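Chemist: So the sequences go chain by chain: Z and C.
Heads up: the first sequence at position 196 corresponds to 196 in our numbering, and the numbers run straight through without jumps.
Heads up: the second sequence at position 105 corresponds to 105 in our numbering, and the numbers run straight through without jumps.
Among the clues, some could well be false.
What the hints assert, rightly or not - Straight-line distance between alpha carbons at most 30 Å, and here's what the computed BS3-like set of lysine-lysine pairs gives: (1) Z:LYS171 - Z:LYS9; (2) C:LYS80 - Z:LYS126; (3) C:LYS80 - C:LYS94; (4) Z:LYS171 - Z:LYS126; (5) C:LYS22 - C:LYS80; (6) Z:LYS171 - C:LYS80; (7) C:LYS50 - C:LYS94; (8) C:LYS94 - Z:LYS126; (9) C:LYS80 - Z:LYS18; (10) Z:LYS12 - C:LYS22; (11) Z:LYS171 - Z:LYS199.
Unchecked claim - Between beta-carbon pairs, the in silico distance windows are: (12) Z:GLY123 - C:ILE26: 32 to 38 Å; (13) Z:GLN86 - C:ARG16: 40 to 46 Å; (14) C:ARG20 - Z:GLN86: 17 to 23 Å; (15) C:PRO134 - Z:ASP184: 54 to 60 Å; (16) C:ALA131 - Z:SER152: 52 to 58 Å.
The set of hints was computed from the structure by calculation and includes no laboratory data.
On a predicted model such as this, the values are computed, not experimentally measured, just so you know.
Beta carbons: idealized from backbone N, C-alpha and C, even for Gly.
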Amino acid sequence: MNRPYLEIKGLKKSYALKPILRGIDLELNQGECKALMGANGAGKTTLLRILAGLTAPSAGSVRIDGLDLVQDAQRVRRLVGFVGHQPYLYDDLTALENLHFFGRMYAVRDAQQRARALLHRVGLEKRAQERAGTLSRGQVQRLALARALLHSPRLLLLDEPHTGLDEQGNKLLETLVDEHVAQDGAVLFATHQLEHALKLGDSIITLDNGRILSTRRGGDPCGTLPGEQACPLPLESLKERP
Amino acid sequence: MMFLEQVFAILWKDIRCELRSKQTWIGMGLFALLVLVIFNFAFDLRVDNKASVAPGALWVAFVFASLLGLGRTIAAEREKGSMDRLLLCPVDRKAIYLAKLLGNLLFIGVVELVALPVYAALFDVPLFASALIPIVLLGTLGVAVIGTLFSAMAAATRARELLLPILVFPLIVPVVIGAVRATSTLLAPVANDPPWLGLIVAFDIIFLSISMLTFGYVIEE
């Protein structure tokens with residue numbers, strides 16, 4: 001049996017004494033896209049930041065393509081593409097310069113050519129020479145998506161990727177995710193919108209208070225995956241805690 | 001090879017961003033000039049006390065102006081979150097440190113190039129260009145080595161503007177003393193003077209090694 005591409009076991013994270021993640025077990029295979037849902041503070045962003053290698057876990061293990069996230073951090077970074085809640089671009093660099101710079105950081109061959117191709121792919125070829133700081137929020141999000149794909153990662157981690165995107169942008173995102181999954185990539189994304197989760201995700205994981213509350217099939221909000229626990233309060237749990 | 005390519009890519013990015021935003025250079029330069037002008041008015045400069053006052057004024061101007069720039073190096077990236085994005089890349093943390101250090105040296109160096117002729121004119125001292133260059137270079141390196149490391153540390157805190165000088169000033173005392181004394185010696189040579197440049201070189205080597213080894217722990221969560 002093939003090993004899952006992403007394997008999380010007993011993952012915990014605390015800030016000071018406050019537990020944020022209380023033991024997450026999760027698997028993600030190649031060619032699979034899973035949506036993370038949950039109220040604000042449920043632990044979605046923390047989980048994605050840990051998987052991206054930005055935050056150290058307090059306990060538990062994470063393996064990506066068989067590599068340990070902590071021990072093999074540099075090799076794991078090459079396998080992961082991350083779109084954060086914020087775009088994290090350099091406002092004073094142009095769209096093309098931003099991609100070219102990150103291409104050099106990832107040692108992408110023909111970084112300039114790859115950057116131009118991706119700008120074309122996300123519909124920003126005409127904005128290539130404009131500074132990132134002058135782009136609209138939606139355009140910045142497209143640029144952030146292009147940057148995440150720059151080094152052809154196998155695992156895409158997307159934290160609320162629909163932020164700022166218009167209808168066309170949302171369609172572009174869906175196409176990019178579908179293409180990535182079709183090419184045997186894996187995608188884990190966080191969203192607040194059930195509609196987006198149902199549309200993109202093969203399954204939907206609901207986080208509540210740092211724990212996985214339920215895992216359901218995408219496209220079927222009532223369906224439970226074999227061996228998974230049904231969610232007693234599927235939609236109520238997504239509301240923000242008072 | 002890859003290491004150097006990444007160092008120069010980050011350095012190129014920092015220079016390009018600074019040339020476009022012009023946030024740091026202009027502020028640092030003006031600050032250094034103002035300090036020199038204020039000291040020029042504050043001290044009663046005579047021929048007999050020039051050698052003891054002028055080098056101190058020069059290095060106070062350099063150190064204060066440097067801290068302005070050093071404080072922005074990593075804080076600006078932290079504020080915008082772009083440091084997080086940089087840390088996501090498979091980049092050796094030493095390459096990030098080295099690039100930031102080279103950037104700081106360049107920024108401070110440009111400010112010094114502007115401030116030195118003004119210093120010479122205001123304090124009526126010769127520039128001693130060839131002899132002064134190694135002192136300025138090594139002294140600046142010492143300040144930048146410590147400042148770059150601690151700006152990464154301070155950038156993670158809320159009171160970064162307050163914390164940076166508190167952390168940096170005590171540590172750079174040896175290099176400032178060495179630089180001031182070495183500059184003084186140029187104005188009024190002293191017999192059997194300790195090897196001040198040697199002290200600065202030793203300081204630079206020790207703290208550059210420590211900073212390269214510890215930067216990864218400082219910059220990551």
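Chemist: All hints are to be evaluated individually against the structure, with a verdict given for each.
Modeler: Against the structure, the hints:
Proximity of LYS171 (chain Z) to LYS9 (chain Z) is assessed by CA-CA distance (about 34 Å); at most 30 Å being required, the pair is judged violated. A C-alpha spacing of about 25 Å is found between LYS80 (chain C) and LYS126 (chain Z), which places the hinted pair at or below 30 Å, so the restraint holds. With a C-alpha separation of about 22 Å, the suggested pairing of LYS80 (chain C) with LYS94 (chain C) holds against the 30 Å cut-off. With a C-alpha separation of about 19 Å, the suggested pairing of LYS171 (chain Z) with LYS126 (chain Z) holds against the 30 Å cut-off.
In summary, the hint linking LYS22 (chain C) to LYS80 (chain C) is supported, as the alpha carbons are separated by about 17 Å, within the 30 Å threshold. For the proposed pair LYS171 (chain Z) and LYS80 (chain C), the alpha carbon gap of about 28 Å is at most 30 Å, so the pair holds. With a C-alpha separation of about 42 Å, the suggested pair LYS50 (chain C) and LYS94 (chain C) falls outside the 30 Å cut-off, and the hint is violated. A distance of roughly 36 Å separates the Cα atoms of LYS94 (chain C) and LYS126 (chain Z); the hinted pair therefore is violated under the 30 Å criterion.
Using a Cα cut-off of 30 Å, the hinted pair LYS80 (chain C) and LYS18 (chain Z) holds, with the two alpha carbons roughly 26 Å apart. Distance restraint check for LYS12 (chain Z) and LYS22 (chain C): the Cα-Cα separation of roughly 43 Å exceeds the 30 Å cut-off, and the hinted pair is therefore not satisfied. For the hint pairing LYS171 (chain Z) with LYS199 (chain Z), the CA-to-CA distance comes to about 11 Å; that is within 30 Å, so the pair holds. Taking 32 to 38 Å as the suggested C-beta distance range, the pair GLY123 (chain Z) and ILE26 (chain C) conforms, at roughly 37 Å.
A hinted range of 40 to 46 Å for the beta carbons of GLN86 (chain Z) and ARG16 (chain C) is inconsistent with their spacing of about 21 Å. Under the hint 17 to 23 Å, the C-beta atoms of ARG20 (chain C) and GLN86 (chain Z), about 21 Å apart, fit the expected range. At about 58 Å, the beta-carbon gap between PRO134 (chain C) and ASP184 (chain Z) stays in the expected band of 54 to 60 Å. Under the hint 52 to 58 Å, the C-beta atoms of ALA131 (chain C) and SER152 (chain Z), about 54 Å apart, fit the expected range.
This entry does not satisfy hints 1, 7, 8, 10, 13, going by the numbered hints stated previously.
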